[in-house]
Structure formats: structure tokens, C-alpha cells
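**Q** The primary structure of each chain is shown beneath.
Protein chains: 2
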Amino acid sequence: MSDAFVPEFPTTPAPAMEWDAWGVAESRRHLSAQVTDLLQQALGVSAEQSPPPAEADATLRESALAPNLVAELRELLGADNVRTDTASRLRHSGGKSTPDLLRRKATEPQDAPDAVLLPGTHNEVMALLRFCAAEGVAVVPFGGGTSVVGGVDPVRGRYAAVVTLDLRRLDALVDLDPVSGVATLQAGVTGPQAEQVLGAHGFSLGHFPQSFQFATIGGFAATRSSGQASAGYGRFDDMVEWIRVATPAGSLDLGRGPASAAGPDLRELFVGSEGTLGIITEVGLRVHPVPERTAYQAWSFPDFETGAAALRSVVQSGSAPTVMRLSDEAETGINLALSGDIGGDSPTAGCLAITTFEGTDAHVDARYAEATTLLAAVGGTALGEGPAKSWEHGRFDAPYLRDALLNAGAIAETLETATRWSNLSNLRTAVTTALTESLTAQGTPAIVMCHISHTYPTGASLYFTVVCAQAADPLAQWATAKRAAGDAIVAAGGTITHHHAVGVDHRPWMESEVGPLGGRILRAVKDAIDPAGILNPGKLIP
Amino acid sequence: MSDAFVPEFPTTPAPAMEWDAWGVAESRRHLSAQVTDLLQQALGVSAEQSPPPAEADATLRESALAPNLVAELRELLGADNVRTDTASRLRHSGGKSTPDLLRRKATEPQDAPDAVLLPGTHNEVMALLRFCAAEGVAVVPFGGGTSVVGGVDPVRGRYAAVVTLDLRRLDALVDLDPVSGVATLQAGVTGPQAEQVLGAHGFSLGHFPQSFQFATIGGFAATRSSGQASAGYGRFDDMVEWIRVATPAGSLDLGRGPASAAGPDLRELFVGSEGTLGIITEVGLRVHPVPERTAYQAWSFPDFETGAAALRSVVQSGSAPTVMRLSDEAETGINLALSGDIGGDSPTAGCLAITTFEGTDAHVDARYAEATTLLAAVGGTALGEGPAKSWEHGRFDAPYLRDALLNAGAIAETLETATRWSNLSNLRTAVTTALTESLTAQGTPAIVMCHISHTYPTGASLYFTVVCAQAADPLAQWATAKRAAGDAIVAAGGTITHHHAVGVDHRPWMESEVGPLGGRILRAVKDAIDPAGILNPGKLIP
Chain A
2 MSDAFVPEFP
12 TTPAPAMEWD
22 AWGVAESRRH
32 LSAQVTDLLQ
42 QALGVSAEQS
52 PPPAEADATL
62 RESALAPNLV
72 AELRELLGAD
82 NVRTDTASRL
92 RHSGGKSTPD
102 LLRRKATEPQ
112 DAPDAVLLPG
122 THNEVMALLR
132 FCAAEGVAVV
142 PFGGGTSVVG
152 GVDPVRGRYA
162 AVVTLDLRRL
172 DALVDLDPVS
182 GVATLQAGVT
192 GPQAEQVLGA
202 HGFSLGHFPQ
212 SFQFATIGGF
222 AATRSSGQAS
232 AGYGRFDDMV
242 EWIRVATPAG
252 SLDLGRGPAS
262 AAGPDLRELF
272 VGSEGTLGII
282 TEVGLRVHPV
292 PERTAYQAWS
302 FPDFETGAAA
312 LRSVVQSGSA
322 PTVMRLSDEA
332 ETGINLALSG
342 DIGGDSPTAG
352 CLAITTFEGT
362 DAHVDARYAE
372 ATTLLAAVGG
382 TALGEGPAKS
392 WEHGRFDAPY
402 LRDALLNAGA
412 IAETLETATR
422 WSNLSNLRTA
432 VTTALTESLT
442 AQGTPAIVMC
452 HISHTYPTGA
462 SLYFTVVCAQ
472 AADPLAQWAT
482 AKRAAGDAIV
492 AAGGTITHHH
502 AVGVDHRPWM
512 ESEVGPLGGR
522 ILRAVKDAID
532 PAGILNPGKL
542 IP
Chain B
2 MSDAFVPEFP
12 TTPAPAMEWD
22 AWGVAESRRH
32 LSAQVTDLLQ
42 QALGVSAEQS
52 PPPAEADATL
62 RESALAPNLV
72 AELRELLGAD
82 NVRTDTASRL
92 RHSGGKSTPD
102 LLRRKATEPQ
112 DAPDAVLLPG
122 THNEVMALLR
132 FCAAEGVAVV
142 PFGGGTSVVG
152 GVDPVRGRYA
162 AVVTLDLRRL
172 DALVDLDPVS
182 GVATLQAGVT
192 GPQAEQVLGA
202 HGFSLGHFPQ
212 SFQFATIGGF
222 AATRSSGQAS
232 AGYGRFDDMV
242 EWIRVATPAG
252 SLDLGRGPAS
262 AAGPDLRELF
272 VGSEGTLGII
282 TEVGLRVHPV
292 PERTAYQAWS
302 FPDFETGAAA
312 LRSVVQSGSA
322 PTVMRLSDEA
332 ETGINLALSG
342 DIGGDSPTAG
352 CLAITTFEGT
362 DAHVDARYAE
372 ATTLLAAVGG
382 TALGEGPAKS
392 WEHGRFDAPY
402 LRDALLNAGA
412 IAETLETATR
422 WSNLSNLRTA
432 VTTALTESLT
442 AQGTPAIVMC
452 HISHTYPTGA
462 SLYFTVVCAQ
472 AADPLAQWAT
482 AKRAAGDAIV
492 AAGGTITHHH
502 AVGVDHRPWM
512 ESEVGPLGGR
522 ILRAVKDAID
532 PAGILNPGKL
542 IP
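Just so you know, the protein sequences line up as chains A and B, in that order. To get my numbering, take the position in the first sequence, counting from 1, and add 1. To get my numbering, take the position in the second sequence, counting from 1, and add 1.
No lab work stands behind these hints, which were simulated from the structure alone. Do not take every clue at face value.
A pair holds if it fits inside one copy or across any two, identical chains being indistinguishable in the list.
With a straight-line Cα cutoff of 25 Å, these simulated SDA-like cross-link-like pairs (lysine to any residue) come out [as the list claims (entries may be wrong)]: (1) Lys390 with Ala405; (2) Lys527 with Trp243; (3) Lys106 with Asp474; (4) Lys527 with Glu512; (5) Lys527 with Ser252; (6) Lys390 with Val36; (7) Lys527 with Gly251; (8) Lys527 with Pro517.
Note that this is a predicted model, so its numbers are computed, not measured.
Using the sequences plus the hints, can you model the full thing?
**A** As C-alpha cells, then:
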């Protein structure tokens, strides 16, 4: 809509993650003696730190892509954008869940895409899809590779070969409409890159999921991502005004203006489609001015139920902080122990809640006053800025801690769901019980922690973190616990995923989520768009 | 989610609309001599009031439903719930657009459904759909019958017979979850009935479109309705947490909890599906406490662009009144003339804006203060409560005025669109010009008025009202003007409809809205759910 905007590119390159761990090497965490002692005493985790595997020891299944196809792909994209070397294939062999990282430690040959393709334009993505549909090659789209549900696994489906489409070269801000507050970003732009290119114009997207530092705009859209500031700026799907999708059957440009009554909202078929219905190449996103100010306040509540009721009173008032979250008793206690912050201004019991408020001075003051009154009225004790600023400072660190625990012989994994307020406590108990019982029965008693990180007028999300000792076969151990948790979520009326998406890992529950007819509808849409079934086989669609 | 809620039924019966006009007879408007003089002088409308046609003079096409099918339907539903009498068929022969009412004045036999069916349960709707699919009978769902886009026209499609499913017997509040603020209402509950049954529990839905007094929950969902309080409470699609749909291929229950990342949001395929993909029978809706207080403030802006910039500054601040609307210069002037309020506290020039604020005292005070500061800063002059209260008092009256104008020999019709803020002025000019030029070329110069009634951070709706003299063939006259307006909307980048839906009237532009592949996807979904193609033929799907 804006006149002749010249595309802009981030100057900060997208960081490449380690092949066998979350994030970048310089941010790796090491556990203190205090923590390893705690792990040993409480959970029986052997304190022996196993060295991470060496990249040179990893072996991959041979590339199954015929040399003539590689040559034709190089013709299409340029030789440098078709990669079959081991390092490239290894770095696209899956996501970053705990099972993913456990599998990467294996010594037998690992699965990996047969080639990694780096298209540079929407039209190149279209050409690749036509080529792969004609030649019978499965296609896995890849943004930041941060999936924790198997969403980028190199599944071949009915085909002998699978390629991964890495979208990192689609990294431009292609349009900015400052009057309407709409930015059009290409799919490969990462979270920090988006904030950089928008910040130069005084705008911010305000989408800060835990994967922020590595994940991409296309991935956020394809997985219905939700960021830590969702109370203030909405979920990612709320931000999507327009979307461009490349499919084997043609291109789609969906979304006209801020709202429409022109039939079903087809954007909502492709947001959350996880690469099974098309490759998202550009997204028009609602952005907002960089906030003038941020106010912080942490709160202590005597128990989870009281804290949840307090958060509910704020979000149902029609007003909300930018960030609003509540840790349960277990998470509050463990975080305190891990941070070594005993004696600081953190609570030593009960539940910690964090609120932040962003915007203009007047907006921040009004929201802060409103939330403070409501939270105090429902039993909260204000703790000051400290714990809220500490949370913000460390908010992208949890996956590094997870990796350190993994290397120390523990399982550390997360899962999440959402439900109505009236069912929240029931669901939390059901999932906690299922995880605790499953892992205890396997001889590895667990600590199960939970927090609310996303609130809505009608309900909230629940995010669980589980820590226990690794059993002899940790993959089988976690699969059993995960199955128990998923079954408990469905039985207790939760959604199988609030923001991690479906991928491979949640697919067994997808039919219970949408019903048999919902599954048929998804398959009918896929058959119409992708009759050859090349798009991200084995994911999402039941 | 709530325990054993006993269904509750409204005590106020749903009012039946006149067969040949909007609404009920006792609310009919009569034009003053001042207005008829104005119409004659300004637009050349002959002041002769033509008497409305008599119901006894209306003739219908013979019912094409075979007697054995009527008998079988009576077996399914009970004799009283299968109606083939002329009065019932006539009252289901279409919606309430100006062309609908012009057609109802015709003396030749009119089209009408072959029978009107009144199912009382979801399972009866399912049984009817199976029956009609097997027997080859087209099915038109009917709520309040307020469509202004041909959405309830008795189109037969490929079939010889068509029945209308009137959902008025599905009129229960089937569940209320007061903690989560979610009410489950059946499809046939009207706007006032919803407020009545919810109000008894201290809740309100807060959905007040112009059709409020007659339209139903099912219709609101099926057409992506948007109410006058959308700035405060959201569009109807924002309120839908859960939806139950009856289809020939089975039942669907869609929506788990407040938000989910479990794939495409299939609710969004059925919200806005206008009866072409299934019959919505129940909807779980976000509700809010009945507001403690309402504050009102009207504003005057020197021109439309300044007023639009002021509204934009408020909605982009992340704060919004409950109602916020802006009339352009023409609408402001005409409304003033029609109300005879010259010399009152309304502005005599410029553009009138209305704001209202609902909620708790603290919420209202904070929002009022924030909006007042912003609107004044962008050039607004506060006018006090008067014009805002007047607007609220008369806010459901416009269709009655339309009918009076129609009977006085004028055409009065409305159409609407939406776009980004940066394109709003361009779109308003394009549509105004297209309508003015088309009607002038036909020898009937028009007054074209416009207002913004729905605002979003990224854009707003535009609602146009057109008044001119009727030509010899007013149906052809308006069809020409409507075509010019629709083409102008598409060319200028607007959506073909912001809240009236697609129906028959906007279907020619549907493919330009979603693209050829979008059309194919809609047809693929329909083929999967409704292979016989019985559901609301000729509507929506391109």
C-alpha cells in the first residue's frame, strides 16, 4: 500500500544454532556445584557431566537425491544454494526438543535431508515446489529450526528423497506502511532482525517467544507462535494481516484490510499449517511504535489458584499489562533455588507473578494503576521491579539451562496447553499428576513445575517444565511420559498445544482436537493444493 | 465446562418481521413534509407516496416439493414444523435489501422456498441434512432473515426443490460458565433474547449490529457480523470460542479453550460460511459483565480526514472506546437536516463523531480521559453527551427510514467495505465517485454519505448510504450502481464486504477477494462436506 518502498535488509546476520544443542556456543550454561548437588539429592541424577558429542563423530544416512536432480536444482537456484555437504545436512536434521538432542547423540547413522535448498525469492520457491512435485521429492520448510515438536524432521513420506527448504535468504522488510502500522516481512527474517529493521523506523513487532533469537517470521506464522508479550500485543496470529503462500497449485495472497466478512478466513488455514499446505514467503504484520517506557512490577500470591484468579480479574477487565505471567509454587521455589537468590527480594514461598507495561507514559501509568489495584484486591503482594527485571533479563535462557541439565544426566523438557479459567486448576492437576505418576513408575521421580504465560478473557495457557534423572533409554522414558501427559490434556479438556504447534509429536492427538470430520477437511484441502503430497509429510494432518 | 447447567429460554418471543419491509409495523417511519420537500428539490423524487402492496396480492411460485417428501419431513419433525402455507413461504422468500423489497412489490409470481422447516435440535438438523442430501433438496438456513446480500434467497441450484431451515426453535442458553465468561447459545437466539437471558446472570454479549433486534446468533456467526460496539467488545468472530456445526458429512465441534496452536483454525472456515458448508447450531461466546456505567461524548471535526486521523490515534494507542464512529460531511449535514435539529447542540458543518465508554467506573474514567486527550489533540471539538445519546437512541432506526424513502419513490441503500488507514481516503473517494457517476449517468443524481463505524489498529470500515430518485426500473438502476461500487472497491484495494457478508450479491467479486486458488480451496472443502451440493446454493463460493 505504500509508495515504492525500497526493500531493506537487516545488517545483523541470522545466527546459526549449534548442531547438537540450542543456540550458540558462547551462551552455553554450566551448572553450579550447588545445582548438581540438588539434582543428585532430589532426583538421583548422577552428577557426571557427559561430554557433548563431537560433530566429526556424527554420521548421516547417505543422500538419496539422484545426481541429475541435484544438477537440475543447481540450475534452478545456483550451485551455492543447493547444499549436500554433511555439515549443512546435519544442521537441518531436526529441531531442538529434548528427544531431538538425545537422538543427535546417537552413534548410528542419523536421518537428514538429502539436500538443503536456499531459495532467494517467492518465485524460486514456486519453481522448487513444481520441480519437487514433478520429481516426487518431499519438501520440509525450515526457518530458524527451533521446532520442539518434530516440525522440521526430514520425513520422506511416500517418497525416496526429501529436501529441506531453508528460507534464510528471504530476509527483507519489503514494505512498511507507517500510517496503518503494517510491515511486510519475508519469511526468513528472524526475531532480532525484524526488531532491527523495524526499529530503524521507530516500530516494533513485539513478538518475543522463547525462540525469539533464532526463529523466523515464516515459522511464527506457520506454527501460530505466541510471544511473552502476548497480553499486550497479541498472539502472532492476531498480528497477521496478510499472508503470501507458495503452493504446488499456485500462489495465494490472503487478507484484505483489517477485517472482512467475505466468507471463511482462509488466512487461518495457512497460519498454523506448518508447511503441510504451502510455504509462507511473506507476511504483512501489525506493528506498533517502539514503546516510550516500560514499567515493571512483580507480585507474590499465596498459592496458584489465588494468583490465577488475580490474573483473570485483570485480563477480564478489558485491560492488560504487556507481559503477565504466574509461576506455580514448584516453579517459584525451584527458580529461586537455581538463581541462588535466596535472601534477595524474591519470595521464599507462594507464587511469583511478573507484570510489565509498555507504551506511552499516559498509557503505562493508566494500565499500571488499574492492574495494581486489581492484583492487590485479589490477594497479591507487590514485590517491586527487581524480580520482573530479572525475569526479563534471563527470559531467553531456559533452553540453555535445559541443555546443561541434559548433559548432566537429567531429562529436562517442557510441554504446554490452554483451557478456560474455570478448568485451569483441574487441567494443571491432571497433567502434573500424569507426568509425576508416569515418571515415578519408571523409577525416575520428577519435579513438575508450571506457569501461566498467556492470558485471555476466557482462559489461559499452562506451561509445564519437567526435570528427572535420565533412565537407561531416555527417549523411551520421555515418550512414555509425554504420551501420559497428552492423554491427560485431552481427557481434561485442554488443547493439545497452545503455542508449540503439532509437528510429528502432537499428531497422535490431532484428530481428538478437530474430530474425524475436521481431519477429513484438512486432508481435502491438502489434496486440492498438494495432490502429490510432497509438503512436509508426517506432520500435523491426522 | 460448567456443571449441569439447566438450559434457559428467553421469555421474550422473537418478533417476526413484516413480509414486505424491515422490522415491525408499529415502528414504521413516516416522512415529514420537510423531508419530502427536500427529496423533491434536491433529487427530483416525486413526493407521491405509493401505498405498500397488500399481502393478499402477493403470489408465489407453486411449491415444488413432492407430497411424499412433505409427508416424510412431517414424520421427522412433527406436522407443525413443516410449513407449506403461503404466509410462511412468503416470509422466507428472501432478506431485506432494497432490491429484496423492490422485488416483493412485484405482481408476477415470486420465488419462495417450497417448504419452511423448523427443527428443534441439532440432531433434527442432522437428520434433515441427511434427508435432503438423499432426496436432492436444496437447503437454505434462516435466522432472523435480515440478510441484505441475498444470503437467504431460495436458490435451488441443481435441484428442483428448495427448503428453508428456520432455526428459531433453537433458542436456548445451553451453558454459562461465569468464571470464564463463556456462554453457549443456540443458533436461533436473537440479539435481544441473548441480552435478556445473559442479563439475568449479570452478563452481556455486547453485539449490537443494526440487525440486532431481529438477527440471530447463528446468523451473526455465519456472516461474520460486526456490531456497533466492536471497538470495545470486538467483532462477532472475535467472540466465538467454540462452534457446533451440522453438515451432511457429520457434526463438527470446533474450538478448544481460549487459544490453540493445533494447526489451522477450522472455526474460521465455518464462521463466515453463510450456510454453504454447514448449519451452525450452537456457539460458545465470550461474554462480559453488564457494564456499571456508560459515558458519552460527541465530537466535531473540521473534515473527514482530520476525524479519521483522530480515531486512528485512539485505536492505535491500544485503547479504545466501546463505540467510536465518524460521519463524513455529507452524512453529518443530512442527518442534521433529517432530525430537524438545526439550532440544537449538533454541529452545522464538519464531521460528527460519537464515542461511548462502558465498563467499571475506573475503566470508563481512564478510557474517557485517554480518548479525550487524543481526540482533542488531533483537532476535535467536544460537543457533550447530547448527540452521542441521540445516536444511541435511534441506532436501530435507519432501516425503517430506508423503507419510508423507498415508499416515497426514492432509492435508499447501503454498502460497506474496509481498508488500511493509509488507503481510507482514497477508497472513500473512489466509491463515492463510482456511485455518483453511475447514478448521475442514469439520470438520477444521488446523495452519497459515508461513515466509519468500526476501527482497528491497522484500518477501518467505510459504510456508504446512497439516496436518489427511483428510475423506471429501480432494480436495474441499483444493480448498475452496485456493480460500479463493487468494481471500485476492488480496484481501490478494499474488501468487498466488511460486515454484510457475500451472499448472492457480492459473489461476483469473491474470486478477486481470495484469488482463483482460494476459490478452489473453498470448493474442495465444500465437496468434502457437502458432496451433493445441497447447502445454500448460489451463495458465497465463487
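**Q** Compare the structure with each hint and give your call.
**A** Each hint, compared with the structure:
With identical chains, the CA atoms of lysine 390 and alanine 405 are at most 25 Å apart within one copy only, with a shortest distance of 24 Å there and 63 Å across copies. Taking the closest pair of Cα atoms, lysine 527 and tryptophan 243 come within 25 Å of each other both inside a single copy (21 Å) and across two copies (24 Å). Taking the shortest Cα distances, lysine 106 and aspartate 474 sit within 25 Å of each other inside one copy (12 Å), while across copies they are farther apart (79 Å). For the identical chains of this complex, lysine 527 and glutamate 512 are neighbours both inside a copy (16 Å) and across copies (20 Å), given an alpha-carbon limit of 25 Å.
Taking CA atoms no more than 25 Å apart as the test, lysine 527 paired with serine 252 passes in both settings, with 14 Å inside one copy and 21 Å between copies. In the homo-oligomer, the alpha carbons of lysine 390 and valine 36 lie at most 25 Å apart inside one protomer (23 Å), although the nearest pairing across protomers, at 65 Å, exceeds that limit. Taking CA atoms no more than 25 Å apart as the test, lysine 527 paired with glycine 251 passes in both settings, with 13 Å inside one copy and 20 Å between copies. When the C-alpha separation of lysine 527 and proline 517 is checked against a cutoff of 25 Å, the pair qualifies both within a copy, at 15 Å, and between copies, at 16 Å.
When each numbered hint is compared with the structure, no violation occurs for any of them.
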